[in-house]
Amino acid sequence: MNWKSAQNYCREKYKKDLVSIRNESENQEIMEKAQGSPFWIGLFNNPWKWSDGENSTFQIWSHKQPDNYCHNEACVEILSDGTWNDAFCGKMNYFFCTNKSKVTTPFDLVNYSLSWLDAQRYCRNNYTDLMTVESQTENQNLKTPHDKNYWIGLRRENDNWQWSNRSPLTYTNWKREFSCAVLQSDGSWNDSDCSEEKPFMCYNVVMNATFIIASSTWKDAVDYCRKRNSDLISISSQLEQDAIAALVNTTNSPNVWLGLRQSRMFGFWFWIDEKPLSYDHWQFAAVSKDPT
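In the UniProt record's numbering, the protein residues as written are 1 to 292.
Don't read these hints as lab results, they were simulated from the structure. Keep in mind that a hint or two might mislead.
What the hints assert, rightly or not - Below, simulated EDC-like cross-link-like pairs (lysine to aspartate or glutamate); rule was C-alpha separation at most 20 Å, straight line:
{"hint": "1", "residue 1": "K16", "residue 2": "E26"}
{"hint": "2", "residue 1": "K91", "residue 2": "D67"}
{"hint": "3", "residue 1": "K16", "residue 2": "E274"}
{"hint": "4", "residue 1": "K49", "residue 2": "E73"}
{"hint": "5", "residue 1": "K33", "residue 2": "E274"}
{"hint": "6", "residue 1": "K49", "residue 2": "D108"}
{"hint": "7", "residue 1": "K91", "residue 2": "D118"}
{"hint": "8", "residue 1": "K33", "residue 2": "D273"}
{"hint": "9", "residue 1": "K275", "residue 2": "D223"}
{"hint": "10", "residue 1": "K33", "residue 2": "D17"}
{"hint": "11", "residue 1": "K64", "residue 2": "D52"}
{"hint": "12", "residue 1": "K33", "residue 2": "D231"}
{"hint": "13", "residue 1": "K275", "residue 2": "E24"}
Please build the complete structure, drawing on both the sequences and the hints.
This is the structure in structure tokens:
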């Protein structure tokens, strides 16, 4: 199909969109799933953005691309080597619909006015942590009462801004002066004196994990989970690691499969559910993570 027809097909048939690719591991996984190339992805219209509305921060163009040949190439295809090319949107290509569910992290507005540190302590005792915001879409989903500012989990440490849960800082929406961050009623961020008392947002990590007693190969385990509309577990933070470890400790099994695998072509590790590999917990010297 041409690009527009492919987009309409994804939206009408699956209520989804053409695939968006945020990093190299996602690009590699898409290539491993591809049955033919080139194929359309959801990137279009220089300056480039994704068809789901997100800005494009990761791009992997082929040599001398994009070139907007004849000023008529506003859509993007992936070539057989995994690199991207701008192409005429009327060209007939294979395509991928995204299979990423748009899950919003559960969060609560806590209307106690506390300092940032006390708010962090309250969230960790009663929830998971202060709120982390990873994209413009997530930010737009955070609604606050008019004229109120709420603490989020961002704080400056040694001149570097870091999330309370140690997630990578991939998105911001603000100007900076002080050392803790607030979400304002218009959705923008501002910094504030950490000792000021404000209401705040906590989020919960919901670990919807099921332990399967039957022993299987890794591939059979993947097939078992996916036939039940699920996947092997992925772990994105120390908090999730602790929760999964506690679950495993209640069983008699010394080891369980994770949804982590190594690319045979490039050697890097990636989660099969397409989450970014922002956290790992390798046993010392037990595995080579560097393909060189």
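Which hints, by number, does the structure contradict?
-> 6, 7, 11
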